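Student: Based on the provided sequences and hints, a complete structural model is requested.
Now for the letters of each chain:
Number of protein chains: 2
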Amino acid sequence: MLVKSQVKYIQSLGQKKSRDESGAFIAEGPKIVSEMLQEIPAQVQQVLGLKEWLTDHAGLLKGVEAIEISPAELEKISQLQTPNQVLAVLRKFEQVTQIKPEGKLVLALDTIQDPGNLGTIIRIADWFGIEYIVCGQDTADLYNPKVVQATMGSIARVKLLYTDLAGWLAEQKITVCAAALEGEDITAMQKPAEGIIVIGNESKGISADILKLVTKKITIPQKGKAESLNAAVATGIILSHLAT
Amino acid sequence: MLVKSQVKYIQSLGQKKSRDESGAFIAEGPKIVSEMLQEIPAQVQQVLGLKEWLTDHAGLLKGVEAIEISPAELEKISQLQTPNQVLAVLRKFEQVTQIKPEGKLVLALDTIQDPGNLGTIIRIADWFGIEYIVCGQDTADLYNPKVVQATMGSIARVKLLYTDLAGWLAEQKITVCAAALEGEDITAMQKPAEGIIVIGNESKGISADILKLVTKKITIPQKGKAESLNAAVATGIILSHLAT
Numbered sequence: 014m015l016v017k018s019q020v021k022y023i024q025s026l027g028q029k030k031s032r033d034e035s036g037a038f039i040a041e042g043p044k045i046v047s048e049m050l051q052e053i054p055a056q057v058q059q060v061l062g063l064k065e066w067l068t069d070h071a072g073l074l075k076g077v078e079a080i081e082i083s084p085a086e087l088e089k090i091s092q093l094q095t096p097n098q099v100l101a102v103l104r105k106f107e108q109v110t111q112i113k114p115e116g117k118l119v120l121a122l123d124t125i126q127d128p129g130n131l132g133t134i135i136r137i138a139d140w141f142g143i144e145y146i147v148c149g150q151d152t153a154d155l156y157n158p159k160v161v162q163a164t165m166g167s168i169a170r171v172k173l174l175y176t177d178l179a180g181w182l183a184e185q186k187i188t189v190c191a192a193a194l195e196g197e198d199i200t201a202m203q204k205p206a207e208g209i210i211v212i213g214n215e216s217k218g219i220s221a222d223i224l225k226l227v228t229k230k231i232t233i234p235q236k237g238k239a240e241s242l243n244a245a246v247a248t249g250i251i252l253s254h255l256a257t
Numbered sequence: 014m015l016v017k018s019q020v021k022y023i024q025s026l027g028q029k030k031s032r033d034e035s036g037a038f039i040a041e042g043p044k045i046v047s048e049m050l051q052e053i054p055a056q057v058q059q060v061l062g063l064k065e066w067l068t069d070h071a072g073l074l075k076g077v078e079a080i081e082i083s084p085a086e087l088e089k090i091s092q093l094q095t096p097n098q099v100l101a102v103l104r105k106f107e108q109v110t111q112i113k114p115e116g117k118l119v120l121a122l123d124t125i126q127d128p129g130n131l132g133t134i135i136r137i138a139d140w141f142g143i144e145y146i147v148c149g150q151d152t153a154d155l156y157n158p159k160v161v162q163a164t165m166g167s168i169a170r171v172k173l174l175y176t177d178l179a180g181w182l183a184e185q186k187i188t189v190c191a192a193a194l195e196g197e198d199i200t201a202m203q204k205p206a207e208g209i210i211v212i213g214n215e216s217k218g219i220s221a222d223i224l225k226l227v228t229k230k231i232t233i234p235q236k237g238k239a240e241s242l243n244a245a246v247a248t249g250i251i252l253s254h255l256a257t
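The listed protein sequences derive, respectively, from chains R and V.
The working numbering applies: residue 14 is where the first sequence begins, and numbers increase by one.
The working numbering applies: residue 14 is where the second sequence begins, and numbers increase by one.
It should be emphasised that the hints constitute simulated quantities derived from the structure, not laboratory data.
The structure presented is a predicted model; accordingly, all values stated were derived computationally and were not measured.
A hint or two may mislead.
Same chains, same label: a pair holds when it works inside one copy or across any pair of copies.
Calculated cross-link-like contacts (lysine-lysine; reagent style DSSO-like; alpha-carbon spacing at most 30 Å) [to be verified]:
| # | residue 1 | residue 2 |
| --- | --- | --- |
| 1 | 113 | 236 |
| 2 | 30 | 17 |
| 3 | 238 | 172 |
| 4 | 217 | 29 |
| 5 | 238 | 75 |
| 6 | 217 | 44 |
| 7 | 186 | 229 |
| 8 | 217 | 159 |
| 9 | 105 | 21 |
| 10 | 17 | 172 |
| 11 | 105 | 236 |
| 12 | 113 | 238 |
Tutor: Written out as structure tokens, the structure is:
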């Protein structure tokens, strides 16, 4: 049974303001919640699930506060269109304050605003072993439920630094790459041992102040007539050529 | 000014049943509507736009029925969260009844259900010069407004055949590739001159009856820990290695 104040609190975590104040966020669905319990159990504050799910996952829930709820209660607290068995409340990660990109490939996001795109990019980074993503301040919030959902659990492994992106890039000494219509063909490039790969905004591309800091333009070869690719798709393609 | 019956008709095109009955669909926003007017003007039945947009695009609108509407009217007929200046009603394309994949790369979609994913895959196909996509019957409807939107105009150029996918694949004589956890590394593969690339469902992957017809397994190399990639992202990565 959930009391009204608990329902209100969990609902409020759909809003950035409440997440900032409480230092908590939510993750939903069997796949993501299981992954959180396995990968970052210390971050999990509470698991609220249907009876069957809690019974089936008793082994994962040792030492975790687990509350049995009804389907009607799950519907109330869920941010999903189709609530899915279980929801977890997690403590936000320790804030990343510094990234040293030397010797690594690092992604830099210049204002990715769509939460689904940001989550998908985090999942792609995790697939290709990218540990760090540097985000301009206008990038979607990592803890937005739609971002968490789209990461499919990769939020547990990839670290994000939110900062003044132009200022951060200006301090770096390694190559800063960005996709452009004319640049070196990524399908024929040598794989770099280190570098920063900038991904631009969904509709506006890379902003002028960031573009000035790009030291190498790269291109995804185009054979057809589409004018552009989705930002997450472009990220996947670039990493599959440069990070494998 | 729009009369009530027009508003109702255009709203009804959000539903597949109405699109099937009327043979029409809608496309929204300046970018997509402009592209439709340039690429497939004969399909455009009606353009409904704000005064400024219609004035600025008078050249594109020659011979097309254009109706000036108010922002309030646009809001009524729009399927977008943020209505955007203009909406077009288009005639559905002539139905594709046959595809001969010999000498080409063709995509085959085994039940892509998310409209955004289908639209994004069509946009990717268009970028890499893929002309044809064969879709299993449970794949999202090409004319769903969310699909049209996500194609960003590529719907004008890529042709889709909806059919019994297993039956169709069984008749083909060329290689049928599908992504699997173990298979030939796409980053080291020779680019094929022809072939069918099967993309599986977002959560269930490739169904058992389709898997039996796959003659070559291919793999996107993984360096990190994410379990899978989004279907559209995987499509983009595979085509960037095999279709360029």
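Student: Each hint needs a verdict: does it hold in this structure or not?
Tutor: Hint check results:
Taking the closest pair of Cα atoms, residue 113 and residue 236 come within 30 Å of each other only across two copies (20 Å); inside a single copy the shortest separation is 37 Å, beyond that limit. With identical chains, the CA atoms of residue 30 and residue 17 are at most 30 Å apart within one copy only, with a shortest distance of 20 Å there and 42 Å across copies. In this homomeric assembly, residue 238 and residue 172 come within 30 Å of each other (Cα to Cα) only across copies, at 14 Å, whereas the closest approach inside a single copy is 36 Å. Taking identical chains as interchangeable, the C-alpha atoms of residue 217 and residue 29 lie at most 30 Å apart only when both belong to the same chain, with a minimum of 24 Å there against 32 Å between chains.
When the C-alpha separation of residue 238 and residue 75 is checked against a cutoff of 30 Å, the pair qualifies only between copies, where the shortest distance is 24 Å, while the shortest distance within a copy is 54 Å. With identical chains, the CA atoms of residue 217 and residue 44 are at most 30 Å apart between copies only, with a shortest distance of 13 Å across copies and 34 Å within one. Taking CA atoms no more than 30 Å apart as the test, residue 186 paired with residue 229 passes inside one copy only; the shortest distance there is 13 Å, against 44 Å between copies. When the C-alpha separation of residue 217 and residue 159 is checked against a cutoff of 30 Å, the pair qualifies both within a copy, at 22 Å, and between copies, at 21 Å.
In this assembly of identical chains, residue 105 and residue 21 lie within 30 Å of each other by CA distance solely inside one copy; the values are 19 Å within and 46 Å between copies. Taking identical chains as interchangeable, the C-alpha atoms of residue 17 and residue 172 are never at most 30 Å apart, the minima being 34 Å within one chain and 52 Å between chains. When the C-alpha separation of residue 105 and residue 236 is checked against a cutoff of 30 Å, the pair qualifies only between copies, where the shortest distance is 26 Å, while the shortest distance within a copy is 43 Å. Proximity of residue 113 to residue 238 under the C-alpha cut-off of 30 Å is restricted to the inter-copy arrangement: shortest distance 22 Å between copies versus 39 Å within a copy.
Violated hints amount to a single one, hint 10; each of the other numbered hints is respected by the structure.
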